[in-house]
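Trainee: Here's the letter readout for the chains.
2 protein chains.
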Amino acid sequence: RFGKKQIKSTYLISETDFTACHNQSYVNQYDLLKGLKKGGTFLFNCQWKAEELEGKLPAGMKKYLAENNIEFYIIDATDIAQEIGLGNRINMIMQAAFFKLSKVIPLDDAVKYIKDAIEKTYGKKGEKIVNMNYEAVDRGIDALEKVKIPDSWKDAVETADVVEAQEPDYIKNILRVVNRQEGDTIPVSAFVGAEDGTFPQGTAAYEKRGIAVNVPEWQSDNCIQCNQCSYVCPHAAIRPILLDKDEAGGAPQDFGTIQAKGKGMDGFKYRIQISTLDCTGCGNCAEVCPAKEKALVMKPLSSQEKEIKNWKFAESVSVKDNIMSDDTVKGSQFKKPLFEFSGACAGCGETPYAKLITQLYGERMIIANATGCSSIWGGSAPSAPYTTNSKGQGPAWANSLFEDNAEYGFGIASGVKQIRNKIEDYFKGLSEMNIDGSIKEAIIEWISSREDAQASREASEKLLELFKSSFKDSKADAIRNKVLELKDYLVKKSVWVFGGDGWAYDIGYGGLDHVLASGEDINVMVYDTEVYSNTGGQASKSTPMGAVAKFAASGKKTKKKDLGLMAMTYGYVYVAQIAMGASQRQTLKAIREAESYKGPSIIIAYSPCINHGIKIGMGKAQLRQKQAVESGYWHLYRYNPVLKDDGSNPFILDSKEPKESFRDFLMGEVRYASLTKTFPEIAEELFSKAAEDAKEKYEKYKAMAQQ
Amino acid sequence: RFGKKQIKSTYLISETDFTACHNQSYVNQYDLLKGLKKGGTFLFNCQWKAEELEGKLPAGMKKYLAENNIEFYIIDATDIAQEIGLGNRINMIMQAAFFKLSKVIPLDDAVKYIKDAIEKTYGKKGEKIVNMNYEAVDRGIDALEKVKIPDSWKDAVETADVVEAQEPDYIKNILRVVNRQEGDTIPVSAFVGAEDGTFPQGTAAYEKRGIAVNVPEWQSDNCIQCNQCSYVCPHAAIRPILLDKDEAGGAPQDFGTIQAKGKGMDGFKYRIQISTLDCTGCGNCAEVCPAKEKALVMKPLSSQEKEIKNWKFAESVSVKDNIMSDDTVKGSQFKKPLFEFSGACAGCGETPYAKLITQLYGERMIIANATGCSSIWGGSAPSAPYTTNSKGQGPAWANSLFEDNAEYGFGIASGVKQIRNKIEDYFKGLSEMNIDGSIKEAIIEWISSREDAQASREASEKLLELFKSSFKDSKADAIRNKVLELKDYLVKKSVWVFGGDGWAYDIGYGGLDHVLASGEDINVMVYDTEVYSNTGGQASKSTPMGAVAKFAASGKKTKKKDLGLMAMTYGYVYVAQIAMGASQRQTLKAIREAESYKGPSIIIAYSPCINHGIKIGMGKAQLRQKQAVESGYWHLYRYNPVLKDDGSNPFILDSKEPKESFRDFLMGEVRYASLTKTFPEIAEELFSKAAEDAKEKYEKYKAMAQQ
Ligand SMILES: Cc1ncc(C[n+]2csc(CCOP(=O)(O)OP(=O)(O)O)c2C)c(N)n1
Ligand SMILES: Cc1ncc(C[n+]2csc(CCOP(=O)(O)OP(=O)(O)O)c2C)c(N)n1
Ligand code: SF4
Ligand code: SF4
Ligand code: SF4
Ligand code: SF4
Ligand code: SF4
Ligand code: SF4
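Chains as they are written, first to last, in this note's numbering: chain Z, 17 to 723; chain X, 17 to 723.
With the rest of the complex left out, here is chain Z (with noise of 0.2 angstroms):
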């Protein structure tokens, strides 16, 4: 709003005189024009040619703009972003777009005003940065193109396939409202049945936001089917398929496969199948492709329309997890993510790691988690990413507090416990029974196994069956409907606790280091951003010295609290530093260690992040990752207290001796390098120290795997 007096009051308003739609993926989900003035102005960002916009407009928008007289612009600030090297940045232009259209002061001032604040806010990154954001104010003023509204757009109607979907009552009448930031009007009583905060899984499924720019493309005769594509999306957006014969049969025309490689895959037609509508565009997946030419390219959203369709098709396609182990991490990507298309931005570091968590224990998984990004992009009403298998198992998830997660985690491992016990009581009260003898025996098989995930699967599979026709001895029989009310809790239970820094480095400290120090059997993720990403950067104890963040305007002056050190001093909990784009073979095998250990375990995860300001952008996540380890910035160990059973050192190194730059490696970021630029003593200083810790603290660790 805009006043010749200070507007104070801070109602929204209902009526306008100048609507813009920065995104083009919205004409379809939002009623964008509700409230625009008659003769009012209307700004699109888009990529399509104004030719094109008589196909792609929904009707009732095209009824709207012709009926109301409406000023129409469209403007493809995306490409021009681009262009001028802003990446994915267009709010410059299409601020100037604004300026130039709403004409709220004179043009020609605006400008000056606009150039004046580049000059303040980024005088300080470097006159290049100053230059392009020039560029992108003077091109957006250029570039506007007025649409002129065919007559024909009052009569436009619906065509046939936007029928309303066939969508469960859920995403009806909840989360397509509150996307359609419509919330408000949903009636309480659409929530009968959730009273206790319950949301049904899989449900950001149904978002597909299409928010990408750019989407990967397959190049199937360059892939050698590594999978690695598939590891490291954020989004779970792109994955491995394999058809058996009957499967590729019915595929659509567009799906083409390749003969599956590897032990076993004889049969099968292997496919890397993108879904273009819920990837957000980053890059990782063609960044780490390995193959000599790159098997993924990133092309245009709207250039790859068919995948959706094939997509679909994938959906249906049988998971096929039984034919490699997941010890690999190819094998590890043909297992269904029970975590996928969450909000997180593009690129983020730590949404890889929770997805192949998801892929190895999402179906009896439980899940404790902090206040922080993971507790957004985990679970932000109205949808969820966390989603289930075929047989509908998938993690139970929940978030508490930001300050008690480690706490309620142990309470959920504690309730599982007891609930086992219990199973385990009856179990026995039964052995004394006039029973079976084969249900006797199974009975002896699960306790046994009780505590191991893959016999206490089978063990239950064999109970259940047995327990399906009720028993002959009435007070036997009562004992196994007791059981069966508990049925869930028969197979391994594989409790997680998630977190940031914030959480697990300060807030939540206390609690997490006496949850590892109880010995009870429980693994907590901790995504190290090394900043409070979820509020916008403030430090933490795990923000390493140096580094600009809210409250270190100067740069840390300590350094990084060494928390997995600190966890080893107990002696019986297992540690792991890990960094997946660093080593993706590494992080598999911490995960999978740490899950197995029968007590506590931590692993801390470099997760890269929109904080630190990456220059080369958040689609090369993964590679920063790989040269915070080569520059020695990150370091990559296992503690497993295992190892001490037979008398081998528990540490375990896995970074090789540092051969790059720290220094480079810190100037790859906005949050070091900015300090060059605003203090530049104290900068020298600190990142001097700083590198001489980061020496000091790998001498430390090589020292301690010699032992």
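Quick caveat, the hints were computed from the structure, so don't treat them as lab data.
Predicted model, so just to flag it, every value in this text is computed and none were measured.
It is possible that some hints are incorrect.
Intra- or inter-copy, both count: the list cannot distinguish identical chains.
[Claimed, not checked] When the alpha-carbon atoms are kept at most 30 angstroms apart in a straight line, the in silico DSBU-like pairs for lysine-lysine are as follows:
# : residue 1 : residue 2
1 : K573      : K614
2 : K711      : K660
3 : K614      : K711
4 : K573      : K444
5 : K705      : K660
6 : K614      : K713
7 : K605      : K716
8 : K310      : K322
9 : K716      : K614
Given the coordinates of chain Z, work out where chain X with the ligands should sit on it, guided by the hints.
Mentor: For chain X with the ligands alone, kept in the frame of chain Z given last:
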């Protein structure tokens, strides 16, 4: 209260049939017979003979006994308990006596029930203990002596020397009243001026509780003037006194002295003076006395009445803390303890440390205290043990909560820093003004020395001298006044954070870790009793494997958390583990290093406690510390980051290779020994595991020290 039906109401009673007093010193403190019915029974435990009572009991009491036909019995339970081997534990004896006199049930039944209960309660502690208690019951019944009350007591009048003492208002109007358990009668108006919760300091000195059975008697001929007795006394009730010629001349007859030994002591006489009414009779002073023939011998309190006068005189003698430096054990004891006569248990392992710290830093010290024993012995209303020196300087002390104490101290430290920065700003402003050159010089001196305790004291004294008269320049004079308002902050402060293990290892650990990580100049003192002492012995993460504690009835299953090692991972935190009884010198050294380190420091102090069930008694608390170290149960070390500056190893292991039996050490305490009775198999396993762990720990420390 006793009745045929169960009594459920919970009011206190104001009329009694039976009153007992277990502590003879109470006769002068409380109105013991208030509410005792005509013809009722009064049972009095005392070491006086019947014929002595005439002279010992206050007139009011004698009158009441005579006028109300009270059945008056005495017993010397204290003597009996010592004879039987029960130490100070007179409960059982007094209980038996009660049943004999009160006749609430037939005596034979009572005896049977008590003995059954003894079997049940102490059975697991062994036959010897059971038999001792059986004997206590029998003797309690047999040893009762009925006192014939002379008619003359009806006319008893207070003798002249019990005139109302010349005491401060607070003592008369509040402390005495509360201690008489008549606090309810104090009007709110008595607290006018203390609305902020401030209590006056040094008021514990007025209590003179006289609770000791035996107190040390100094044998001047044997004394080698080492001051160790004073160093270890938990109650600051024994002190070395130095008298100059004049003072020696004015001393009372009984005030025996010897020629003071050592450099600079030529003109002085030396004496060890005991405040018998503040002594708890624990016996640690006599235990540690290293003289060939003990220079301290425990004698009945009643035999030492002359010391009351001697103590009064000793208090009037000037403190001579400038002859010897406080960097030796002996020298430290010529400084006045600014913490004295607390209500801690006799022999408490915590308080000697606190006392020593106040001797070194009390005059410029601020203490943030976690809830726990240290907040009770440190500040239990109405009396305060923290006190002041002759200049009125002493520790400022406060308790916020159990969980937030490190943060509380951090806030105090930050506040002090801000105020001192403000002073520096004032000074810098002044320097630019028209003031004397000498003042400018003094200011420069202060600024350069402000973080050094001694130098800043000297600079401050100079400045204050120069600030005495007003400045000509009126603006400058206004600043002078502002500085004078803040003059308490001129000398560098010593900020301490005190708390128990429950606080430091568990509930307050998250905050403690944060404060240590901050790099702030703050000193943390952890009184490690290995349980939550103040609330009755719950297990904490500091409780070692195998110890029986609340929540660990079958012995703690996990090993003690290595808090010190965790703090060392920062590299810039001073860390020490100490045990006064094992090395008085190392304790002093560590405290001095910690305080002078310009960053965070943490000292973990082994503190024997009544909750340990030390079999040889709390009088051997200091000895137990020695045994703990010699058996490898506790380790002494110092990690001093300053040493890194010249490339030295910061870690110094002060413990020698353990040479005594670890197992024997454990068996010396009920918390361990009882497990061999209650859970013999678990005990064996845990104890041998604990012994292994202890060895492993020592080896690790040794390796660290040799790096
Ligand atoms: C006690 C408390 N303080 C503050 C917050 C606000 N808050 C929510 S998430 C968050 C930061 C989380 O940071 P981190 O744990 O590092 O996770 P990340 O977002 O980086 O994944 C904060 C400060 C809160 N929810 N509760
Ligand atoms: C949050 C909280 N929980 C519990 C208590 C009760 N409480 C007071 S002192 C104390 C135990 C203190 O133990 P420790 O810190 O080991 O000190 P110690 O008494 O052994 O010196 C407890 C549990 C409290 N005051 N606040
Ligand atoms: S571009 Fe990013 S989001 Fe899209 S498939 Fe590749 S990795 Fe996943
Ligand atoms: S990363 Fe590249 S080579 Fe590997 S499976 Fe994916 S597309 Fe194929
Ligand atoms: S802010 Fe960082 S951690 Fe959070 S979703 Fe975005 S990239 Fe991931
Ligand atoms: S007996 Fe105990 S309290 Fe008394 S003076 Fe000696 S050490 Fe102090
Ligand atoms: S400990 Fe013994 S020898 Fe030493 S000063 Fe005290 S009384 Fe004298
Ligand atoms: S309970 Fe233990 S720590 Fe507390 S005052 Fe008594 S002896 Fe000292």
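Trainee: Now tell me if each hint is right for this structure.
Mentor: For each hint, the structure was consulted:
no., hint, result
1, K573 / K614, "between (38 angstroms within a copy, 15 angstroms between copies)"
2, K711 / K660, "both (27 angstroms within a copy, 16 angstroms between copies)"
3, K614 / K711, "between (33 angstroms within a copy, 25 angstroms between copies)"
4, K573 / K444, "between (59 angstroms within a copy, 26 angstroms between copies)"
5, K705 / K660, "between (35 angstroms within a copy, 14 angstroms between copies)"
6, K614 / K713, "both (29 angstroms within a copy, 23 angstroms between copies)"
7, K605 / K716, "both (23 angstroms within a copy, 28 angstroms between copies)"
8, K310 / K322, "within (21 angstroms within a copy, 99 angstroms between copies)"
9, K716 / K614, "both (28 angstroms within a copy, 25 angstroms between copies)"
Taken one by one, the earlier hints all hold for this structure without exception.
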